[in-house]
Amino acid sequence: MKVVILGCSLVGAMVASWLVSEENQVSVIDSKENSFKRLPKDFKGEKILGKGIDIPILIQAGIEKADTFLGLTNSDNINIMAAQLVKQRFKVPKVASRVYDPQRAKAFKELGLNIICPTAIIAEEFKEFLKSK
Amino acid sequence: MYVVIVGGGDVGYSLTKLLTEEGHEVVLVEKDPDRYAMLSYELGESVLLGDGAELGTLLDMGANRADVLVAVTGTDEDNLVICQLAKLIYLIPRTIAKVNDPKNEELFASLGVDATVSSPKIIASLIEEKIDAGMTIPLLAFKGGDVEIFKTELSSESSLINRKVSKLKFPEDCIIIAALRGNEVIIPKGDTVLREGDSIIVLIKKKRKEAFKRLFLEAV
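If you read the sequences in order, they're chains Y and X. To convert, note that position 78 of the first sequence is 78 in this note's numbering; the numbers rise steadily by one, no gaps. When you read off a place in the second sequence, starting at 1, and then add 1000, the result is the number in this note's numbering.
In case anyone wonders, no lab produced these hints; they're calculated from the structure. Beta carbons are placed, not taken as given, at the ideal position from N, Cα and C, and that holds for glycine.
Some chain Y residues close to chain X (C-beta under 10 Å, calculated; not the full set):
#1 Ile-53
#2 Ser-75
#3 Asn-77
#4 Ile-80
#5 Met-81
#6 Arg-104
#7 Ala-107
Lysine-lysine pairs mimicking DSS-like chemistry, simulated, CA-CA at most 30 Å apart:
#8 X:Lys-1103 / Y:Lys-106
#9 X:Lys-1087 / Y:Lys-87
#10 X:Lys-1205 / Y:Lys-91
#11 Y:Lys-127 / Y:Lys-106
#12 Y:Lys-94 / Y:Lys-109
#13 X:Lys-1103 / Y:Lys-109
#14 X:Lys-1121 / X:Lys-1205
#15 Y:Lys-94 / X:Lys-1087
#16 X:Lys-1209 / X:Lys-1103
Let the sequences and hints guide you as you build the complete structure.
Shown next, in the form of structure tokens:
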């Protein structure tokens, strides 16, 4: 599987290393060279330095042949815009983005995007913890 | 009209002043506290501090009763998401976004933003206009991205001048909505005769624009 990940955030780096260990072809895009330090030293995937939502950068990362795109920058709005761009322009079959703001997450879920909202997940975990003895 | 503006940069600030002077009800939101302090000193109570991409802020601005939302922050992803939320959640009839990177214009239109304004494109057109008489200045791009309104000045070589409009053979999918002659605005009818120096405003499908320019604007 060919996967393009936008954002070498902590989650981005973790998912990227896992995907590589599962024999997938992975390209990670980030606007800061420093962010790539989060990847393991022997990372076998491709690291691409570039602005979040830039069509030539996405093409360089192989978006045209990608099966999956993950929006994992620390900006909700970049992740939302990028998801819509790759779905519409490059017809990437499997697209998901992280959105911290639960209300924005809900709104764009209703528009048909796959949104993962860490805030809601963490709140649930804390609720579970508080309920436990 | 009730207008909500997101982004208190130069454009947002001037727009708020202008629309208020014209008698519209305007609310401006800015997320940077320092910039907000400056703006509220200048514009008073019509400025709010907040992130326009958060639904709570939009509600505080009265987005649920706004006629128009204008997103003019410095980042395209913010402008897009704000316009989409305004439409989706608050059913604002008309959303206008500033597009900082002209490459994003098409995406914005296809995702439901009603109109986009791209200053690099307008400035580039204005520069080129100095060297090319057939140059057009895009004024507005509409939803779907395939229709636009542009303005152009008619040179002495344009085949549109000195003939009745009814005698001109236009390409498909276009119409001259107005001609500007000095301070006068002319809504063209069949017997209107356009003159050299008139500025015309044309509504056209984008794919017909080249044909229009070839037919009427370029020197033969």
